[in-house]
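Start from the sequences and build out the full structure, keeping to the hints where you can.
Chains S and H, in that order, give the protein sequences. Here the first sequence is numbered in the numbering used here, starting from 1 and rising by one per residue. Here the second sequence is numbered in the numbering used here, starting from 1001 and rising by one per residue.
These are calculated hints, taken from the structure and not from any lab test. From the three backbone atoms N, C-alpha and C, an ideal C-beta is built for every residue, glycine too. Any given hint might turn out to be false.
Computed far set for chain S versus chain H, every beta-carbon distance over 12 Å [stated by the list, open to error]: (1) S17; (2) S69; (3) T78; (4) D83.
If the Cβ cut is set under 8 Å, some of the chain H residues that face chain S in the computed set are [claimed, not checked]: (5) G1044; (6) E1046; (7) R1050; (8) Y1053; (9) S1057; (10) N1059; (11) S1063; (12) Y1095; (13) T1102; (14) T1103; (15) D1107; (16) G1110; (17) G1112; (18) L1114.
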Amino acid sequence: QSVLTQPPSVSGAPGQSVTISCTGSSSNFGAGFPVHWYKQLPGTAPKLLIYDNFYRPSGVPDRFSGSKSGTSASLAITGLQADDEADYYCQSFDSSLDAVIFGGGTKLTVL
Amino acid sequence: QVQLVESGGGVVQPGRSMRLSCTASGFTFRNFYMHWVRQAPGKGLEWVARVSYDGTSKNYVASVKGRFTISRDNSKNTVSLQMTSLRSEDTAVYYCACAEMTTKPFDHWGQGTLLTVSS
Chain S
1 QSVLTQPPSV
11 SGAPGQSVTI
21 SCTGSSSNFG
31 AGFPVHWYKQ
41 LPGTAPKLLI
51 YDNFYRPSGV
61 PDRFSGSKSG
71 TSASLAITGL
81 QADDEADYYC
91 QSFDSSLDAV
101 IFGGGTKLTV
111 L
Chain H
1001 QVQLVESGGG
1011 VVQPGRSMRL
1021 SCTASGFTFR
1031 NFYMHWVRQA
1041 PGKGLEWVAR
1051 VSYDGTSKNY
1061 VASVKGRFTI
1071 SRDNSKNTVS
1081 LQMTSLRSED
1091 TAVYYCACAE
1101 MTTKPFDHWG
1111 QGTLLTVSS
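Now the structure itself:
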């Protein structure tokens, strides 16, 4: 059971938009700790997609955007492409656990 | 460019010990927290341990406290994870990763090394 809750799967057709939610609590998001998002392709290491709630590292297209409000965060992907199909993870810090925490991951399927 | 290269994985029997290492290059190692993150087969990411810039502060996920020890050597740009009393549930790909601070993202990841705990 992950401290951050994500839907197990989402899907969308090419060109459409999807949103992946990440729900936390008062000891992580509610305490002001930021959310970071990673994309992971099968058999490879995760890659940073969004950091500090909504910033994109160099090279990440603006089709990807992040937001956070209260104890929830979300990752939005517009103009879905076939190579967006991957697992997506949210990550933050929890002050009660004094630990880095991850969401359980969301598998995005591009139909 | 930034590189993190893990080594030391393999097959080990339950109850035995194993040491993983990670060698860093391409960045100022001593300016980054170093972490180990693992991923069991078919499962999600799980943070395992972190060590501060100078190695004096160390934190662990509850399931490995007392069994795993993280350490670093800034003169050699390496971080290690000494694992004892291994269990089948420790079977996973282990990644080392770096972050500027505890609450900052993992900017870079290694390619991972597979540890299989099995008799």
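(message) Does S17 (chain S) clear chain H by more than 12 Å, comparing its Cβ with all Cβ atoms of that chain?
(response) At roughly 24 Å from the nearest Cβ of chain H, S17 (chain S) sits farther out than 12 Å, so the non-interface label holds.
(request) Mind checking the CB of Y1053 (chain H) against every CB in chain S and telling me if the closest is under 8 Å? (result) Since the shortest Cβ distance to chain S is 16 Å, the answer is violated.
(request) Quick one: work out the minimum CB distance from D83 (chain S) to chain H and report holds if it exceeds 12 Å, violated otherwise. (result) holds, 19 Å
(request) Evaluate the condition: distance from the CB of S69 (chain S) to the nearest CB of chain H exceeds 12 Å. (result) S69 (chain S) clear of chain H: closest Cβ-Cβ about 18 Å, beyond 12 Å.
(request) So, S1057 (chain H) near chain S? Judge it on the closest CB pair being under 8 Å. (result) Since chain S brings no Cβ nearer than about 10 Å to S1057 (chain H), farther than 8 Å, the hint is violated.
(message) Does G1110 (chain H) hold up as a contact with chain S if the rule is Cβ-Cβ below 8 Å?
(response) holds, 7 Å
(request) With chain S as the partner, please determine if R1050 (chain H) meets the hint condition of a C-beta pair closer than 8 Å. (result) Holds - the Cβ of R1050 (chain H) comes within 8 Å of chain S, reaching about 7 Å at its closest.
(request) Examine each Cβ of chain H, and state whether all of them lie more than 12 Å from the Cβ of T78 (chain S). (result) T78 (chain S) is indeed farther than 12 Å from all Cβ atoms of chain H, at 22 Å.
(message) Does the closest beta carbon of chain S sit nearer than 8 Å to the beta carbon of N1059 (chain H)?
(response) holds, 6 Å
(request) With a cut-off of 8 Å on the beta carbons, see whether T1102 (chain H) makes it to chain S. (result) Holds - the Cβ of T1102 (chain H) comes within 8 Å of chain S, reaching about 6 Å at its closest.
(request) Grab the minimum C-beta distance from G1044 (chain H) to chain S and call the hint holds if it beats 8 Å, violated otherwise. (result) holds, 4 Å
(request) Tell me if E1046 (chain H) is really an interface residue toward chain S, meaning its C-beta lies closer than 8 Å to one of theirs. (result) Holds. Min distance 7 Å.
Consistency note: the structure conflicts with the earlier hints numbered 8, 9, 11, 18.
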